[in-house]
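Q: As you go down the protein sequences, you meet chains A and B in turn.
Residues in the first sequence are numbered from 12 upward in steps of one, following the numbering used here.
Residues in the second sequence are numbered from 9 upward in steps of one, following the numbering used here.
Honestly, the hints are just simulated from the structure, not real lab data.
Hints should not be assumed to be uniformly reliable.
To be verified - Derived DSS-like pairs (lysine-lysine); straight-line CA-CA distance at most 30 Å:
| id | chain 1 | residue 1 | chain 2 | residue 2 |
| --- | --- | --- | --- | --- |
| 1 | B | K17 | B | K79 |
| 2 | A | K62 | A | K116 |
| 3 | A | K81 | A | K116 |
| 4 | A | K81 | A | K62 |
| 5 | A | K116 | B | K65 |
| 6 | B | K65 | B | K22 |
| 7 | A | K116 | B | K17 |
| 8 | B | K79 | B | K65 |
| 9 | B | K65 | A | K81 |
| 10 | A | K62 | B | K65 |
| 11 | B | K17 | B | K65 |
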Amino acid sequence: GQQLNQSPQSMFIQEGEDVSMNCTSSSIFNTWLWYKQDPGEGPVLLIALYKAGELTSNGRLTAQFGITRKDSFLNISASIPSDVGIYFCAGRDSNYQLIWGAGTKLIIKP
Amino acid sequence: NAGVTQTPKFQVLKTGQSMTLQCAQDMNHNSMYWYRQDPGMGLRLIYYSASEGTTDKGEVPNGYNVSRLNKREFSLRLESAAPSQTSVYFCASSPRDRGSYEQYFGPGTRLTVT
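Pulled out of the complex, with its shape left as it was, chain A reads as follows (with noise of 0.2 Å):
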C-alpha cells in the first residue's frame, strides 16, 4: 500500500526558533493537507496545498507542495508556546483517499 513517511517523529523547540518539518510519499498525492492536534482535541486544518510547487503561508506557517508530488513542507518561524502539539500532514492519492502521516511531535524545551 501507499506509504507516507513524516520526519521528524518528534522535536524540542526553543522559543523564538524556526521549526521544518517534511512527508514524503512513495507514490504521487495531488493535495497535501497540513493538521495540528492540542492535547485532547481533534486535528485542525492549518494549511490545504493544490498544486505543484505552491507555496501557502497562514501567520507564521508556512507550507510547501514539491514539484515532484511526492513531498511537502511545513516550516513554522519564530516559534512560540502555543505551537507545541502534534502536527499531521496527509496527501489524496489517485483514489480520492486521505493518506496520513504518523504526526510530528513538538516539545517545549525546559
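Start from chain A and add chain B according to the hints.
A: What follows is chain B alone, placed relative to chain A:
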C-alpha cells in the same frame, strides 16, 4: 455553526458489550469519516461515507459497523467490544466537491475496553 460534534466524549466498556458512537455535522458536507488514533500513531480510517446512502471500508474496518443515517449523521457501532478497540475515535466531514478534500474533525470519543 457547531461544526462536527461527537457523543459521548468518554466511555468505558467491558469486553463483549456493544455501543454506538454518534457523529453529526452542520456544514452540509457530502462525505463523512470515522478514524481511530492509538498512542504514538497517526489516524487510521475505519469506514467512510462518500455521500448520503453509501458507506465503504477503510484500512481497519474489522469489529465495526457504520450507518449514514442522513446527510448530517454518521454513526459507528461496536457490536462486541474488545480491549484492542481501546482508542480515541474521531469523526470527520469533508465537502469533497469542487476539488476540496479538506477534512474537519470532531473533538473525539475516548473509549476504554476492559
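Q: Look at each hint and say if it fits the structure.
A: Status of the hints after comparison with the structure:
1. K17(B) <-> K79(B): Answer holds: K17(B) to K79(B) is near 22 Å, not above 30 Å.
2. K62(A) <-> K116(A): Cα-Cα ~27 Å, so holds.
3. K81(A) <-> K116(A): holds (22 Å)
4. K81(A) <-> K62(A): Satisfied, since the Cα-Cα distance of roughly 12 Å is no more than 30 Å.
5. K116(A) <-> K65(B): holds (29 Å)
6. K65(B) <-> K22(B): Judged against 30 Å, a Cα distance of about 25 Å means the pair holds.
7. K116(A) <-> K17(B): Answer holds: K116(A) to K17(B) is near 24 Å, not above 30 Å.
8. K79(B) <-> K65(B): holds (18 Å)
9. K65(B) <-> K81(A): holds (25 Å)
10. K62(A) <-> K65(B): holds (29 Å)
11. K17(B) <-> K65(B): Holds, at about 24 Å.
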